[in-house]
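The lines below spell out each chain.
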Amino acid sequence: MALLSGWWVAALALSVGVLFWFSDRMWPDAWLPRLEIPALLRASRVTLFLTAVSMPIAVALGLFLAVCRRSQYALFSWPTALYIEAIRGTPLLVQLFVIFYSLPQLGLYFETDLLTLDGMTVAVICLSGNYAAYEAEIHRAGLQAVESGQREAALSLGLSERQSFFSVVLPQAFRIILPPVLNDAIAMLKDCSLVTTITVSELLNVAEGIGRTRINRSQVLLAAAAIYLLMSMTFLLFGKWVEKRLAFSGKPKLNVENLKH
Amino acid sequence: MRAVVVDNQVAPLAPEGALLEVQGMQKNFGAHQVLQGVNLQARKAEVICILGPNGCGKSTFLRCLNLLEPYQAGRVLLKGRVVSEGKPHGHQPSREEQAQARALRRHIGMVFQRFNLFPHLSVLKNVMLGPVKVLGLTQGEAHAVAEKMLRKVGLWEKHPCDPLTLSGGQQQRVAIARSLAMNPDVMLFDEATSALDPVMTKEVFKVVRELAAEGMTMLLVTHDMDFAHDLPDRVVFMDQGVIAAQGTPEYIFDQRPLPVIQQFLSRK
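Listed in order, the protein sequences are those of chains A and B. Take 1 as the starting number for the first sequence in the working numbering and just add one per residue. Take 1 as the starting number for the second sequence in the working numbering and just add one per residue.
Check the hints yourself; a few may be wrong.
Cut-off 20 Å, straight-line C-alpha distance, at most; resulting in silico cross-link-like pairs (EDC-like, lysine to aspartate or glutamate) [said to hold, decoys possible]:
id	chain 1	residue 1	chain 2	residue 2
1	B	Lys125	A	Asp118
2	B	Lys44	B	Glu69
3	B	Lys79	B	Asp7
4	B	Lys152	B	Glu141
5	B	Lys133	B	Glu191
6	B	Lys133	A	Glu152
7	B	Lys148	B	Asp185
8	B	Lys133	A	Glu161
9	B	Lys206	B	Glu191
No wet-lab data here; the hints were simulated from the structure. These numbers come from a predicted model, not from an experiment.
Chain B extracted, bound-state conformation (with noise of 0.2 Å):
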């Protein structure tokens, strides 16, 4: 396995009061080390990309703050309060550490690859479920949610439908509301639109943007160079299961700071 080459020159503009920070977050399947120690912190309203060579830990990163994936060392801080620990393998989740982890994916929505919109409900349904089950909202705040979170995304008019008769763009939008409609503090994007052909990639990048404009806290992992250089505040390149670089898209595109990221640059 090749050394890990860490570029140092620009240090992470460690934020005062960052909104989200991971400290030292390792995860290992075995013998095998997918994260070892990332730090990451992000101010409120901050956009950052992660990009990386296949393999280097981006979408295990994100499962792991959502807790999708345990971790085994580290901690994550939202609003400088500790909402997970790393455990050690085989932990079994205490009800308090069970009720802890659902607090924190409340505050932290994540969009998917593959949308994974509820395919029993209409789409309507599919935003209220959330507000109804962990909120506590009544049916009728609930549909005012998500008639506000639909519109947001442009897809009022399809609320009656069945997810599966909408495009894979308008699936993704309907699933960014339904994260919206829990009110996250962050929002977590799993190549969202790695699933989809430019024209609807255009259309989610489009409420990214909007979503972007009205100071949410973003954290993307994308293979949309495009979009990795347009938008973010901060593009964090990883490889090999560590933040390697990060800086301004500018720092990052232009510069090329790391032989790995001149490497993967041009292979795009």
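If we strip away everything but chain A, and leave its shape as in the complex, we get (with noise of 0.2 Å):
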């Protein structure tokens, strides 16, 4: 817990009161029961549902796309080039529009309801595909910023090419990689208020749902935004305690076996 204190929690309880104090002076009345903090917490777990299982797709899927990218064949560097650079030229919104509302139409001509996806599983796909658009070239980045000799290191042991990248470039190159990918992770917690358009019911959606009936609208909103940054910072905290513990330590690891000599 000793990673909690510090400037994170400060930063946090800062801006949240800030933004809770304003609004207090614009809407004197007591407003807090009125905020529905329930609901919107209940409505975060959509969110966070949405990134803890598009988000590991994506890395893994980048992964994936990275090493065709990297592929000496233009069988499989081609169309992933095209498929990456496709992904990241057109913005997530028409892509989850394409998969929602035109697939289906295309389905009706084929005479098939197989296109006919539901909300969720459309979010999935497209967040995960198009995030992993953007894991790919952080994936090739990483890996690209492994020295060479670390594979020849490993080839001169003996070891196959697929065993030296996953035994000792790969592991490398996860550390590089670690603090960009997080800062996706949070990008696609933010992103996620998108889905709201494909019927999918998520914390903004829920907030922008309570608020519209109500009088204290922003201040839903703002309550909203303020579980967001939660997430955010949680995340954040999360990823900060990773890297510590997979940093290449400057100092000796103490166990027990050390203490013998």
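Mind docking these for me? Both chains are given alone in their own frames, and the hints should help you get the complex.
Right, here's the structure in full:
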């Protein structure tokens, strides 16, 4: 818990406090019960779920794309390059619409409803597929950043290309890509609000719904923002912790074995 | 480009039943010929130092020997069996050839200038990786091998540390232990001390001397003239991609059979 102390909590408390203090000034009546915090928290579970499912898929798919992109065979590298550029070059919102609204129409033409997907499925497909393109570029940079001598050293021991990739290069690349990947995880958390447009009810959508019927709409939205902030901060702290754990330490690891000598 | 002058006076001691034999190795990068037919034999337990001006192909020669770089013509024999052959540019190695290359690398260890220890693994795990992944030893067996090798280089007490916490000399000794753990027939040292200060160089060479005393066959590319004068059984002088002269250290250093060797040695 030592990590929780310090600047992050201070910054969080300050920002949330300032927001609510100002809104309190504008609407001095008792507003807290009407914020429907429990409902908002329930809705935020959808946001968390979407990120928790889509981000790992995006990272894994991204690695696959990065490896294909680096392949010497045009059969692999070209389609991957095309996919990455197409996905990165179009808005996520458009991709959501295409999969959710346009695919079923195509299905209508072919007289099949296999292309009609429910909102949650489309959300996972789009979020993971979209972010995979970005993760692929991150992976590519990470893999390139590992010195070629590492691969050579592994090969010179007799390891196969595959073994040296998975046991030597990838673990090192992983440490390099961790900060940008976590950065993307936070971005995805917020991009989840876009899936509101394809009927998935998540945090922003619920906040809107509550706020629309009340006079304290701004406050409900601010409460939603605070919850987003809280989730991002949690991700960030988690990331810092993992990074710290994985860093190539400058100190010998202390364990019982060490003390024998 | 100046013509290559080759010293033919002292023929290389072609030993009966050489452990390692390189025949006519050629390598080029496009029009640039890096190795133009290198022939070399090494007996068991022989220590050979390879000298030569920058760009003469010494390092490339070692890297080709270990197949870290493909070469275009010639072949390499280990214990009388062909273990690799030159392939034209653009050749895609078959599965069989890849397996053959792995087998070759298992028997020919390599120590690099930049150590190349795996920073995400502890010193112990660095040494255990090869035996576990390649030789298929259990963790326990590999641990025993690693302990033996780390004790040999005098660094067992550092085994739980991260490699980057060690000094350069210590890292290089761990790299030697890592290579030794595969129980190679031949060890290649590619300027293993060029990145080290004199004190660390000494500690690495101390390990190399011990290995020599134990009968390890070694090929060393080095810029350390004192070492090249002292230890090796044979000194090989390379120039412009060929072996220009070879012989005992005394022959090369005292008689300086070629002008290019005179030039090279007087510059040092």
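Outcome of the hint check:
1. Lys125(B) to Asp118(A): With Cα atoms ~48 Å apart, lysine 125(B) and aspartate 118(A) exceed 20 Å; violated.
2. Lys44(B) to Glu69(B): Violated, because 25 Å separates the two Cα atoms, which is more than 20 Å.
3. Lys79(B) to Asp7(B): Violated. Lysine 79(B) to aspartate 7(B) sits at ~28 Å, over the 20 Å cutoff.
4. Lys152(B) to Glu141(B): Between lysine 152(B) and glutamate 141(B) the Cα gap is close to 17 Å, so the pair holds against 20 Å.
5. Lys133(B) to Glu191(B): violated (27 Å)
6. Lys133(B) to Glu152(A): holds (15 Å)
7. Lys148(B) to Asp185(B): Answer holds: lysine 148(B) to aspartate 185(B) is near 18 Å, not above 20 Å.
8. Lys133(B) to Glu161(A): Roughly 12 Å separates the two Cα atoms, so the pair holds.
9. Lys206(B) to Glu191(B): The given pair, whose Cα atoms are some 15 Å apart, holds under the 20 Å limit.
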